[in-house]
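Q: Next come the chains, spelled out residue by residue.
Number of protein chains: 2
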Amino acid sequence: MSQYFTEDASVEAVNARMGQNINPRLAQVMASLVKHLHAFAKDVHLSQAEWDIAIEFLTKTGQICSGERQEFILLSDVLGFSMLVDAINNRRPAGATENTVFGPFHVDNAPELPMGSNISLDGKGESCRFEGMVIDLHGNPIAGARVDVWSDNADGFYDVQQPDIQPKWNNRGVFITGADGRYAFQGIKPVSYPIPDDGPVGQMLNHLGRHPYRPAHMHYLVTAKGFEKLVTHTFVGDDTYLSSDAVFGVKKTLIAPFEHVNDGQTIWRSPFDFVLTPV
Amino acid sequence: MSQYFTEDASVEAVNARMGQNINPRLAQVMASLVKHLHAFAKDVHLSQAEWDIAIEFLTKTGQICSGERQEFILLSDVLGFSMLVDAINNRRPAGATENTVFGPFHVDNAPELPMGSNISLDGKGESCRFEGMVIDLHGNPIAGARVDVWSDNADGFYDVQQPDIQPKWNNRGVFITGADGRYAFQGIKPVSYPIPDDGPVGQMLNHLGRHPYRPAHMHYLVTAKGFEKLVTHTFVGDDTYLSSDAVFGVKKTLIAPFEHVNDGQTIWRSPFDFVLTPV
Chain F
1 MSQYFTEDAS VEAVNARMGQ NINPRLAQVM ASLVKHLHAF AKDVHLSQAE WDIAIEFLTK
61 TGQICSGERQ EFILLSDVLG FSMLVDAINN RRPAGATENT VFGPFHVDNA PELPMGSNIS
121 LDGKGESCRF EGMVIDLHGN PIAGARVDVW SDNADGFYDV QQPDIQPKWN NRGVFITGAD
181 GRYAFQGIKP VSYPIPDDGP VGQMLNHLGR HPYRPAHMHY LVTAKGFEKL VTHTFVGDDT
241 YLSSDAVFGV KKTLIAPFEH VNDGQTIWRS PFDFVLTPV
Chain G
1 MSQYFTEDAS VEAVNARMGQ NINPRLAQVM ASLVKHLHAF AKDVHLSQAE WDIAIEFLTK
61 TGQICSGERQ EFILLSDVLG FSMLVDAINN RRPAGATENT VFGPFHVDNA PELPMGSNIS
121 LDGKGESCRF EGMVIDLHGN PIAGARVDVW SDNADGFYDV QQPDIQPKWN NRGVFITGAD
181 GRYAFQGIKP VSYPIPDDGP VGQMLNHLGR HPYRPAHMHY LVTAKGFEKL VTHTFVGDDT
241 YLSSDAVFGV KKTLIAPFEH VNDGQTIWRS PFDFVLTPV
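In order, the protein sequences belong to chains F and G.
Read in my numbering, the first sequence has 101 at position 101, and its numbers run on one by one without any break.
Read in my numbering, the second sequence has 265 at position 265, and its numbers run on one by one without any break.
Among the hints, erroneous ones may be present.
Copies of the same chain are indistinguishable here, so a pair counts whether it falls within one copy or spans any two.
[Claimed, not checked] Simulated crosslink set (EDC-like; lysine to aspartate or glutamate; CA at most 16 Å straight-line):
# : residue 1 : residue 2
1 : 42        : 164
2 : 189       : 50
3 : 229       : 50
4 : 251       : 7
5 : 189       : 131
6 : 225       : 122
7 : 124       : 98
Think of the hints as simulated: they come from the structure by calculation, not from any bench.
Model the full assembly from the supplied sequences, consistent with the hints where possible.
A: Quick look at the structure:
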């Protein structure tokens, strides 16, 4: 191999440059990144003008980031990359509940509430009872499981997006299962909403002929001693955007029933069991 | 194919989402990008923690960019991507002078000077006479070729990096060839210098066991009616960093002789002919 750059051996020229005593995992990851990035440029015969546009896009994507906004995670989300990394790292046996993306709206230390409590504090939306069991792969109830839940309100916003409008902890709560493994809480039937689309990623979606909406979903973070952490959503089965989630978060097994009840206490009921995998 | 995301069909899930009436070239480029990015994640089994580090790196890279600094171009440079895009778009017949990266230090409208003029205005460094011909693939001289040249000074800085220290247009000039196709100017033997390494890209190079230096070089932008634009450097053949240019700009054919002269007028002489390709 020539010690100088050539188009044919561009990958080798770059990767041969790494030092001998560096972190071996870093070396592996960077060598693969260079290989795939160069293959991309060669595949499409990327022009200088196109690369200039990409540089400008990446720069704007970094510059719009702030304490409240992470446009690079959004970019990763809309390219299916976040879901892919999640999938690679959370392969589970058949029957176990699948993971999906965590999203940016979880808040630590939400209040722990008595089983059955109402988490909708703003009185908006169609009430829904969420209930089911946390079980192991054999169907045995898991006691002491921590079920941390969060959703948007009926206007499509999380409480943290509207701190001056929504009550603190609106549509959030933590429930701990008893010996029967059961959980239950009262919330609202969630609604679909757009991801932030007023920045570079929104512009990109527009150029790609894609909409920015996520189908309605309830977030769950379920943890229990001796089991893998489960980060997931349940999706409302009749949502318009179910097959076109802007961040590709939907998995078939996560579509939950939303049954019309109207028993004077609630309008909807959504039963769903969470099946955890042992560590 | 499932309409929902799966690890195996992650690329298809994302690329099937593009609209029907979008720019076909954009569709082609994005589909390839998604394919190669997903292949990278799968190849190395990228962990969530690693991806979090990458998101933070990309964000910092965007945020350090300013009117005077383009850290994403620097990132592209050190990954050999800039050289690759340049190579893909400037394939030339054997015998033609090769391209290399343009770099960030060119300034438009440098003064046009009489042939043989001295461009070193600060009196620093070892004087060097640069001379040769601009010719076509058959060796015929090209009249009216515009030879735009620029280099660092003896301290390793371009004039635009030190506007308060260096004279304006120090080590820059434009020369127009006559009927004989010859060019000649007096400058200094350039010196090696580091790319900006106090940001995220510098930190990355450090983790990769790489230094930030570029081998000494003289920049050329050679244009003539009826010929392809040539963007190139000539490199000083005995430079320490010749085989480890931080941005992979060196090509074997661009290493120029630097001959010791000491004739009372100059210390060095560097002859080099530029061979242009017809458009």
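Q: All hints are to be evaluated individually against the structure, with a verdict given for each.
A: A quick look at each hint next to the structure:
{"no.": "1", "hint": "42 / 164", "in the structure": "neither (51 Å within a copy, 43 Å between copies)"}
{"no.": "2", "hint": "189 / 50", "in the structure": "neither (44 Å within a copy, 35 Å between copies)"}
{"no.": "3", "hint": "229 / 50", "in the structure": "neither (42 Å within a copy, 18 Å between copies)"}
{"no.": "4", "hint": "251 / 7", "in the structure": "between (41 Å within a copy, 11 Å between copies)"}
{"no.": "5", "hint": "189 / 131", "in the structure": "within (13 Å within a copy, 77 Å between copies)"}
{"no.": "6", "hint": "225 / 122", "in the structure": "neither (34 Å within a copy, 71 Å between copies)"}
{"no.": "7", "hint": "124 / 98", "in the structure": "neither (30 Å within a copy, 67 Å between copies)"}
Of the numbered hints listed earlier, those contradicted by the structure are 1, 2, 3, 6, 7.
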